Each structure stands twice: as structure tokens, then as C-alpha cells.
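Chemist: Now for the letters of each chain:
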Amino acid sequence: MNAGVKEFHLVAETVIRELAPGMRARLWGYNGQSPGPTIEVVEGDRVRIFVTNKLPEHTSIHWHGQRLPNGMDGVNGLTQAPIPPGKTFVYEFVAQRAGTFMYHPHADEMVQMAMGMMGFWVTHPKDPKFAPVDRDFVFLLNAYDIDPGSATPRVMTMLDFNLWTFNSRVFPGIDAMPVHLGDRVRIRIGNLSMTNHPIHIHGHEFEVAGTDGGWVPRAARWPEVTTDVGVGQMRAIEFDAIAEGDWAFHCHKSHHTMNAMGHDVPTMIGIDQKDVVQKIRGLLPDYMAMGEAGMAEMGAMEMPLPDNTLPMMTGQGPYGAMEMGGMFTTVKVRKGLARDDYKDPGWYRQPAGTQATEWTGALPVPSRADAPRADSGTVDVRKPTRHQH
Amino acid sequence: MNAGVKEFHLVAETVIRELAPGMRARLWGYNGQSPGPTIEVVEGDRVRIFVTNKLPEHTSIHWHGQRLPNGMDGVNGLTQAPIPPGKTFVYEFVAQRAGTFMYHPHADEMVQMAMGMMGFWVTHPKDPKFAPVDRDFVFLLNAYDIDPGSATPRVMTMLDFNLWTFNSRVFPGIDAMPVHLGDRVRIRIGNLSMTNHPIHIHGHEFEVAGTDGGWVPRAARWPEVTTDVGVGQMRAIEFDAIAEGDWAFHCHKSHHTMNAMGHDVPTMIGIDQKDVVQKIRGLLPDYMAMGEAGMAEMGAMEMPLPDNTLPMMTGQGPYGAMEMGGMFTTVKVRKGLARDDYKDPGWYRQPAGTQATEWTGALPVPSRADAPRADSGTVDVRKPTRHQH
Amino acid sequence: MNAGVKEFHLVAETVIRELAPGMRARLWGYNGQSPGPTIEVVEGDRVRIFVTNKLPEHTSIHWHGQRLPNGMDGVNGLTQAPIPPGKTFVYEFVAQRAGTFMYHPHADEMVQMAMGMMGFWVTHPKDPKFAPVDRDFVFLLNAYDIDPGSATPRVMTMLDFNLWTFNSRVFPGIDAMPVHLGDRVRIRIGNLSMTNHPIHIHGHEFEVAGTDGGWVPRAARWPEVTTDVGVGQMRAIEFDAIAEGDWAFHCHKSHHTMNAMGHDVPTMIGIDQKDVVQKIRGLLPDYMAMGEAGMAEMGAMEMPLPDNTLPMMTGQGPYGAMEMGGMFTTVKVRKGLARDDYKDPGWYRQPAGTQATEWTGALPVPSRADAPRADSGTVDVRKPTRHQH
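Residue numbers (our numbering), protein chains in the order written: chain A, 5 to 393; chain B, 5 to 393; chain C, 5 to 393.
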């Protein structure tokens, strides 16, 4: 704070970011981290941000979503000269509206964002009674394409990313979100990747309460269990934590809850590899046949990996291998958490009789379609159907 | 029904699914079909589902969108142990809210969903007068990557799918949806593929009346002709069938209304292939030059195909080849259909004078841009323009 | 105008379209242009459109979003016979509802749309006081895949497009949108490409006021700075021009504001190429090492390019190279523009003291994370945080 102005200092520089235990990426970020520090101010604050460029090329910062003087908008060449390596520029403007914003370069933008340069900005409302919540988390979605064994992202990749991250972290490296039963919870999610991320929660419905453009009027909100966050969008979702448990919270694109993998691997499901494996082992004694029965075995096995790589599917839960990666974490709803308690409460203990378990008794006869089923691709749930048991 | 509890039995197993006449896929599904049977219950029902695993690897079922005890949520490793091959697990919970839900594995999820394991769940409202409609169809969107001549999906594919399906069927294998003129029609569409599907209807506007998170308040609905269904989302659209006819209903991504094709084929438009064809025919007598004038010729011709493959563009309408595939069907609006009549009423007969036909009379002079047009990429429809005739 | 009917004549034909100075594409379009002419009529008008086919293959036109007789809907094979090469068909219907529509072929649709066949249609409301605006721009989003040095799009491309266009133009070939300070501005954006385009504006918030399905009720609108326009969707956004300046307006996918590039280029960031460059120069004297410090150098340098290609990053602003391409332009908000003045007002002059500039004074100490940061992927902005300065 300097004479009534809130001052921040962002240093654009190379950073080492641990994506999850076992893998570090060489990124570009701010102040030793990627995403950069979350800037928090209050509606009406005058804010001054010093930006020092320690990168090998010029940069700038665009304050995504803010109302500000055109010359503070950070578009290289258009609204300002670029910040050369070694120099510091200063931005200054009033945080005019409460809400959630992002910041990122608008200079060699494709490269610098692919390298991890981005951050969150929260302007809290002047009136603390405005839209109060009990917990208020922030996430930035990004994606990297890092070859196994390597540490620097491939910056020209447009589609085939292999690491999908929350705040440049992947499962199992992402903290759980502990909340108290009954809490009003807000999660602010910004997307600075190259594709939509449909963010899904288990066991609860939420509404999108705000965007980077403002707060959504109550009457205009939709009930959702999945919101499709577009690129360059921020969605502040809100919900009441109505049920205890460990509730999955993830991107619903199934490849985005995996870690680095090759997408060209042939499918071996249903193919007997015994003969060929014997022959290959004559040449490569460690060779393993994989995928004959699906890929769940990969979630549990220990397979030698190159240095600085994560398994495609990993993570241990209370009931075994979770076979996940990437954009996956949990909301842990508990009774008895204190207001400022963000410690991981451990795994939820399912009360007796509330958990799916093995059944060894008699079974109803399943309804069956004639195989191969050659009828309709449509089903009218109003017409009498043989699908009901 | 067992002592007040509605019981269902899902058997996870290998299934053969005809995608359209001429092509069968080897998928994983439930009870001999993929998608699995649509589960229908009434709000407040206590439901018990037995899940028997006849796959070669373990599985689980997540009840997408449901309020339920955490231990019934079906996330392998996190909320339950996996269901091993050969075993049966039992899930039990109350269907707490009316609406549309999905079910799918949450164990080796990427592989099992790429193989077709998914199904719909409709909980009808307790009050039959709530949001009544005359027709109520359900669709699951999925995509498969099956090499021509093969039958098993490539499960590692992230983006380059070649078969885009409604309920694991492709055009012309998808039933038309016959509705009565004036009907209130609901179509519930769930997306369990890896990309957005913008679902488009011809000749009508609809609104999204519900999501897997609940019913959209009337005042919050938008008028649409295309809704972009994100992955892991369900959209229940509703409209009044205002005009008779055969109205196309499809995904608006043009490649998603095609069947299997190579995306690397060079464009031959405008290239004279006569010389080269003569030379190739010296070696391959059956060789055909293609694509010189576009690809419409492929919709009509009979070209030898590998076994178990569909043409890229296919289907016959009342006026010739329709040149479609994939996620395409029709809503057939007719007078005089009975409430329970779901028989295909055949092609619509266009009344005289209501159909585009050849014109051989005088023509107005078309407005023309100077070629090559080098002006604006923007047009203001408020300024005087030379584009109007 | 013919006996109370508004007549238009569209000629489907090969067109040469300049994408930006330096590159022309060989497309298919209407009346010498791609997109075709914007059709403007008034609600209630009877409209007759003659469509002459000068392409080498048959075609049809679908009037996307319109209420019309089924036989005028333009779906080849289903609602009409195709229009053969050399023939003219006539469509006729009443423009029943005010709004924004698109037109495009529904015959060999994938190919013909990949070649650029599409256009906008605006039906103005009968009541000129309905939803009045001061400026009203229209954009069609499309994408082409044209190999450097070539002019014809690769029509089979599903995902890997390399030219992302507004009205088949790319930056710096797209006109700026000049508006008067305080104007109510509408921009109608239709998407006929193969992926979502999140359209973003700087310095302002907007709302989606209309879709191709109708006008969004005021109470149902969301404040946004980025709207994700799905394929086959039209979004009419509206905002008040609240601040003078040159405000960037673009797709937020960073690769979509670039021109043609290879996505397989390896990343050289941080790699010292001196030795290898010397060796290569023994063979290729002109060889340049690139990308060692990022790619901003490409925005400024003059590198020899193949004929008929655009640089990946290009464009000069008032403060140097802008390093952009593709779907990028500006909204230029000025005082003193006349109502019908669409002339580019030049670059905005930033008032003194309102622009980011170099700072050489004392600096606050930046908050820093411990490097490498191995903690949470989540941040709760309610908990005490060391990220704040």
C-alpha cells in the first residue's frame, strides 16, 4: 500500500513447477510460480502493478475483463510498446467492478500462454454482504504438451495436449477442497487453454453465479451438474454442500482426467497376444503385453517410466487405485470443520449400509435386447418399453 | 419391484452393435446393448440396481447427476472397491429429483466409455402434470474410432473419431422421430463423447427446458435453433411442432454428419486428373479419379467398400441421395398420428407450390462484388450497402 | 422488388477471395464473394431467391433458422432434388420472424462449406423501435486449411485448420469497427466452422441479446466478456461503448489469432542453437535459428515466405509489431464520429498518464512462492494467503 494505492510487483520469469510429485515442468510464469500470484483487491481500490520482464523476449500484461483506460489494456503494439527484457513497466487503474478476472500476456501470446504465463485477479465487493459464501476457491485451467522425459512444453501444439491442469497441477497433485456440511461454496474457474472444459461435480447441483463479465442475475441462472467453460471464460459456480462425502470434481472429457499418453496406441482389447509376446521376449526380456482386457491394470501396476513423467492413470484412494490423472480432485464435505480449516480431512468413512458392495444373493433376470440390436437409435420414454425391468 | 423397491439388473458385457445396416461394432455395454437400457423410475422411488461384471476387467457405475449417499456414487477407489470380473455389486438409493440422468463407469473410465459403456436414466415427476409433453425422446451422443474393415474402437483416440453416433447408431440407421402437428415435443440429449455437439433443428425454434442439474426456470430460457451440448451435459430441449414436413435434426459440425473417412485425403477440386488416371489404370484397371468436382458423386455412386464399413456419405431420400451419415435424423411432423403411433410415416409429400424447383424464366441481375474482393471483413447492416439487390 | 415480392439472385460459383493483402484463396461462394452477399429484408416480407449453380457439382441452399414450408428448407434429397450444375432453382417464403439467420448448402455439405459457401441473412423488425442500436455489424466465422503456397482449401480437414477467419478475412485484413463513444453496438456473429470460437472484447462487458432462434429475454441475459459461439450458432452481442480507445476484439483461442503455421514444430525455448546453426550454414547459407527466446521475433522480422502465404504473426500497430493474425480486429471507440461514418479513424492517441510505460524508480519486493512450488493446486481467496503483496 503506497499513498492510498495498492501496489503489486509481478516478475515475469522462468519457473520450475511441480505438476505432481514425480514431474517438474520448466515454464514461464510470475514470481516463481505458474499460474502467477492471485491478485486480491477491493472494489474501488486504485491499483498499481509493476511488471518486470526477466524473460528472454519482450512481454506485456492484459488485464482480462477489467474496465480501464485503453493505454492500460496491455495489448502489445496496439495500446503500448512491449516491455523489453530487463525492463519494468507500470500499470495503474481503479478496480471498478467486483468480480473475477484473469491476467496474461498479449505479446507473443500463443507462446507465452503455452508456457504458463497467466494468473487470477479477484476484486472483492465493497459491501461484504454482497453474495457471501463460506468457501471461495479459484482455479485456472490450462494444458501443456510435454514429451515424456522432457520438461519444456511444445508451444506450437494446437490440439494434442497431454497434460491437463488445474492451476498447473495434475491429479494426484491437486489439493482436495475441504468444506463444511451446509456451506455455501463458490469455485471460480478460468480457462486459458485451447479447448472447452466441461467441469462436473458429483452429488450436488450448482449454478453459474458469475462470469468475468459480472454476476449472473438470480432469475437467469440454470441448475447444472456440468458447466462447459469456454476458452477465455471464467465461471464462478456456487452450491450448497448438501451431503457428506468425498465428491469427485473434474473435467468430464475422459482424456482430460488422464496424464501423458500416446493417442496413437492400437487397441488390443480382445486380442490374444500370447504367441507374439513369447517371440518379442526373445528379443526384449522385459516386454509386457498390455491392454488385452482394457487398461485398468495400468492404474495398479508399477511400470518403469522415463524420468520426469507421470503414469497415464494413477492415484490411490481408500478402496484401491483410482486410475485418474489431469483435471481431477475432490470436494470433501464434512461435519465439524472450522471456518479457517483447510487441512485435508482424510478419506470419508462411508456409514454402514450406504456403500455399493458385493451381492451374492438371487438376482432378477436382466431385461435384454436381441443381439445384435438393429432397431431404433431413438427411444421415446413415453412409449411402452421393454427396457424397464 | 421387490418389497417397495424398484429393482434393475445391469450386466456389463461385450455386445455387438449394428451402427447402421452394413456395419457392426464390437463394443462393451449392458444387457446386450450399447447404450444400455434406459432406466425409468418415478420421483421418490427407492431403486436397487444389481451390476454384474462380465467384462475381462473390473468396472463400476457412476450415477451421473443423482443425489445419493457418497458410497453409492460409483467412483472406483474413491467411494467403493471396483467390481471384479465375474462379481455382482448392488447399488441402492432414492431417486430424489425428477429429471434426466446418465450412467457410466468410473473405473478405467476413458477406455470403458470409448468402448460404449453408458446409458440414460429418466426419473419421471411424481406429479404427472409437471411439464407435460406429448413426445419425449432420449439420445446419447457418443463417438467411436473404428478403422474401416475393423469392428473394435481404438480406445486411445482423443480427437480423431470417425463415427459420430446417436445412441451408438449412425445415419441412415437412426429412426426418424414421428410427431403429431401441434405436439409439444421433448428431446433429451446427453453427451458422453470427447467434444461439443451443436444439435440443430430445421424449421422450428426450441428452448432448453432442462439439464442434468434440473429444470431451467421459464424466465431463464433462451430461444435457439442450435444448442451446444458440452461433454458430460444433458440438454432436454422442448418445442411445439408448428409445421408439417420432414425436418432435419442433426449435429451442426459438418464432419459429424459423415461416416468413416480419412481426414488426410488431398483436395482434388479443380485438378484435371485425366492424364494421371490413364497411367494408373495401366497398373490398376479399376482405379477411379475422385473429387475433381467436389464429393457429391460419392453420395450416389456404388463403390466397392471393405467388409463392415459404411460409405462416408449415404442414404436415399425421396429426391435422391442425401449424402449424409453420422449424427443425422429427422423429425417427421404429420397430421393425424395417433398418440402411441411411432411408425415411420414415410416421406412427406410437399404440397404443390411449396417446394424449391427449377426456374427457367427471366432472372434478376445478381448483385456482385468486385472480384477479387479486397474490402472489409466486417459489414454493418445499418449502413447503405451494395449487397442488397 | 417484383409485384410485392423481394427478389434476390444468388449465383453459386468459384470465387477468388483475398484473405489479407498478400494471400488469395480459391473458394466457392456466391456472386463473386465468400461469404455471399448479406440478405436484408423486413419482417413479413415475401422473399423470392433464385439460385443459379455455376459449380461443377450439384448444390442446394438451406435457410438456417427460418420458419418456412418444408419444401423450401433446402435439404438435398430430403426436401428437394439437388440443383444440377448450370440450372437455376427458385425458393420462396415469407420472412416470418425478425432476427439473424445464415444460409449455406445442404448438399455435399462438408465439402461445400469447407470451400466457403455461406452467407448471412438479417430480417429487420417491422417496428423500427424494436431493440434499436446505433451500430450493427455482422461476422461469419469460418476456417480454412490451405497449405502455404497453395490457394485451395483441403476439404477433408476436420480439426487442423490453419486459417481462422471473420467473413473469410484474417488480420490484418479485417476492418476495424469504428463506433461513437456512448453508442449502443450490436455485433452479430455466426459460426460455420468446425469448432467453438470464444469471442472476446476488451474493456467492455456485453450481453447476448439474440440467437438465430430469436431474441433473448432481457431477464435471461448474462453479463460476459467472452461468449463461446458454438458451430451452427449465431450470437448477437450488444454493449454500450463506454470508453474511448482501440479495443481488441478476437477469438480467445490463441492459435486462432495466428495465421498459417505448422503445429508440429519443436520448441527451442532455452536451447542454445549456436553450434548446430554453424554446421547447417555450411549447407544452407541462409539458415536462421529461431525460437530460442520465444517467437516474438517473428512478429517483427522479414523472413522470405512462399508466394501466397501470410506470416504466422504480423500487423503493425502504433507501438510496433502486433504479432497477431486470424480472428482479430478492433472496436475503435471515438468521440465525434458521425452516424454514417465508417471510415477508420486511425490509431487512438492515449491521453497523457493513461498508458503503461517504463518505470525506473524503486520497486516493491515481489511476493514469491518457494520454488519449486509443490503445494496446492487450489487457492481459497477467503483464507489468509501469502500471495497478496
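Where hints are given, some of them may not hold.
If several chains are the same, the list does not tell them apart, and a pair holds so long as it fits within one copy or across any two.
[What the hints assert, rightly or not] Only pairs whose alpha carbons sit at most 30 Å apart, straight line, appear in this in silico DSSO-like list of lysine-lysine: (1) K278 - K58; (2) K133 - K339; (3) K10 - K133; (4) K278 - K91.
Keep in mind the hints are simulated off the structure, nothing from the lab.
Source: prediction; values computed, not measured.
Chemist: Please go over all the hints and tell whether each is borne out by the structure.
Modeler: Checked hints:
1. Taking the shortest Cα distances, K278 and K58 sit within 30 Å of each other only across copies (22 Å), while inside one copy they are farther apart (56 Å).
2. In the homo-oligomer, the alpha carbons of K133 and K339 lie at most 30 Å apart inside one protomer (25 Å), although the nearest pairing across protomers, at 38 Å, exceeds that limit.
3. In this assembly of identical chains, K10 and K133 lie within 30 Å of each other by CA distance solely inside one copy; the values are 23 Å within and 46 Å between copies.
4. Proximity of K278 to K91 under the C-alpha cut-off of 30 Å is restricted to the inter-copy arrangement: shortest distance 26 Å between copies versus 63 Å within a copy.
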